[in-house]
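Trainee: In order, the protein sequence lines correspond to chains H and X. The opening residue of the first sequence carries number 160 in our numbering; numbering runs sequentially from there. The opening residue of the second sequence carries number 2 in our numbering; numbering runs sequentially from there.
Fair warning: there could be bad hints in the mix.
Where chain X lies over chain H, by a calculated footprint (3+ residues, C-beta under 8 Å) [unchecked claim]:
1. 483-497
2. 544-555
Just some of the chain H residues that point at chain X, by a computed CB distance under 10 Å [as the list claims (entries may be wrong)]:
3. Leu263
4. Arg315
5. Leu317
6. Ile319
7. Gly504
8. Leu508
9. Ala587
10. Gly627
11. Ile629
12. Asp648
Only some residues are given here: those of chain X computed to face chain H with a beta carbon under 7 Å [said to hold, decoys possible]:
13. Asp32
14. Arg92
15. Arg233
16. Arg234
17. Leu257
Think of the hints as simulated: they come from the structure by calculation, not from any bench. The beta-carbon is built from N, C-alpha and C at its ideal position, and this holds for glycine as well.
Here are the chains, one letter per residue:
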Amino acid sequence: MFAALYAPSVPAAALAGVARQFTPRFEHLGAVILLDAGGLSRLFGTAQQLGEHLRDALSKLSPGDTIPRVAIASTQTAAALLALGSPGLTVVMPGKEAIVLAPLSVGVLDQFERLSGSGLRASGPPGLQASEPSGWHHPRHTHQASRGKRRAPDNRVLDILGKWGIRTLGALSALPGPDIHERLGDRGAYWQQLARGMDARPMVPWVDDVPFEVSLELEWPIEGLEPLSFVLARLLEPLAEQLERADRGAAAIYTSLRLTTRSVFTRTLQLPAPMRDPKTLRTLILLDLESHPPDAPIDVVRVFIEPTPARVLQWTLLARAQPAPEQVTTLVARLTALMGEGHVGSPGLVDTWKPGAFEMREFHVNHPIDNRPSPNSHPIKESSIAELTSALRRFRCPVPTRVAVHEGRPVRVQTDRQGFSSGAIVQAAGPWRTSGEWWEETGQLASGPAGQQGGWDRDEWDVAMPDGTIYRLVVEREVGQWCLEGVID
Amino acid sequence: MAARAAVEALLREKKLDRTLTSTLPERPGEDAVSPVGSDALNRALAGGVPRGQVSEVVGPASSGRTSVAWAALAAASRRGESIALIDTFDRFDPPTAHACGIDLSRLLWVRGQAVSKTAAAIDPAWLPGVRAVNGPGTFLERVIDRAIKSLNLVVQSGVCTLVVIDLIDVPATALRRLPASTWFRIERAIEGSDTAVMILAAQPVARSAGGRSMVVGGDTRIQWRGSHDRTRRVIGVCTRASISAARCSHAQDVPLATTVVNALT
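Just need the whole structure built from these sequences, with the hints factored in.
Mentor: Structural data, given as structure tokens:
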């Protein structure tokens, strides 16, 4: 059973307040508030008594000269149309919707569409959905957006019905359905469905903006992560339940710790995928705090979660199953706590000629399924010889070396470092001269070979040593410093 | 043979028969191995690097050992698998790896400390705000310890199907000091899983009973092109890889040719 409230002179928020006094399940259809009245008979008696309660509650808000409209029916459409079209209180017995709706003017359908806006149209029949740019939206977004984006309705159907002499809903519902569809299309069939008091979609209850935030003031300050983990578990479990009820996941976690020094220590964790498992969230917060511990005991713990729509997982049966994002995020957090920030992730190439330039990106496993061969893929040839591409092992800290040069070519390499071969060069190839970013004051790249921030201007040589090792030798032209940059392996 | 049978019977009696290579279950199907990016190597490896096992690639400098490991990573990434590289001394070069065919977006790169073999140079990029590299043992031992811990975390998570740990520049003395239980723990963690672990080192370190050893090097020849000093360039290395496994009586030799990538190729 549904109840509809309509009082144009009362603000929507006040109407919602009245609805909230009766049930938490209500929906905004423009200026009409639709209530799910199922189960309210135990509290308010029969449908008639419920209607009177609603009317009395609305009368307190309405000015004296306006009569609030309340309708109760077994379908939401009938209740809403009656609230729009009939003054005062209307209670419809189940199964009598079409009869009660029959005397209403056809214009009420147009009014109904105007009020409900895109919210109802988007969930109307398939033909209507196809003609509208909007798709399915979350109720919060739908209703909030619909107020600002209301458009002038298409009155073509209303005009045609007027020309046919159809003035009431009863006349419209009496017309043969296939003929209506043939002449007026999906929209006509939809209007006839409304005129008969039939619902085109289920009710979508309003969801309040509930902050996903919990805090706990501790009786005694705590120090260290172990006691904090118990506190976080206590805070995160209800928060995770709250997220689950709202079908939300955490996009970011803000952990705010008020310390005994009266300062507030705040950490923010951006999560790569929405998640709401309390154990995973607690582990991530603890691992982050392990790397960035607060410098004083903790008085108050506050956790705020930025919600985002939960994930919809649809994997193919034909591809290897990917690990869950929670698993990946926890692994990366553990590795980051162990190795340090910037030392865990996926390498990414940057648009530069700078030798060895790269950037660290976030590691994730949700790659689009693409069966096309990559342009960089190497087809496996059927051959008795294993043909591979040589790897370069780059010394991120270039190894300074002394080089003897004869006629502009290196002939001997000498280094004091253990594990590097020294001696006469057997063969040398080069120089390959490169330079760049000399116009920059400082390097723009976040990462790159150490000691090479900013511009570069150098010569590269590939040199073969007597023991068969091939080094990449570079000389910084500006300072004349020779270094071993890597080994071809 | 009688002595062997007696030992096996004793092991079975003590419920230690899982240590026998003959009783280890074979994983059937193509999915039991992770093929590397070379047909010749795949044939010698009986399809590829076995999953659920620890294999190793060893060899001297410029022998092509790193190229073999990167080829395995590239092949796995092309199949859409997630891969990991535990880079103990931060020697990985992303542009060259990209040229080798590795899909970098599928690679979990765990960068260790960029340190030279003298342990004197510490990467200034080791950011503040993270744990300092301190604790018991020498600096080098602590860096290796972190790499091993990272390997443990990665294989226990099961996120990546091919995990390579680069121990090439680790001194032999430091490797020998690692307790044997280190590698048993890794073997135990991946046993029966889809994850294959590959140890990249200068000399043999460890291999599980079902794993493969690829010894690269020997008869290494550097290929040059160009007769004049100004036009000469190194184009590649020709060498051999010897592949052995516990159940094979003799090693298989595979000719290996690597192509050097530089500005001219």
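Trainee: None of the hints should be skipped; say for each whether it holds.
Mentor: The hints, checked one at a time:
no., hint, result
1, 483-497, "holds (count 9)"
2, 544-555, "holds (count 12)"
3, Leu263, "violated (60 Å)"
4, Arg315, "violated (51 Å)"
5, Leu317, "violated (55 Å)"
6, Ile319, "violated (56 Å)"
7, Gly504, "holds (6 Å)"
8, Leu508, "holds (6 Å)"
9, Ala587, "holds (8 Å)"
10, Gly627, "holds (5 Å)"
11, Ile629, "holds (5 Å)"
12, Asp648, "holds (4 Å)"
13, Asp32, "violated (9 Å)"
14, Arg92, "holds (4 Å)"
15, Arg233, "holds (5 Å)"
16, Arg234, "holds (4 Å)"
17, Leu257, "holds (5 Å)"
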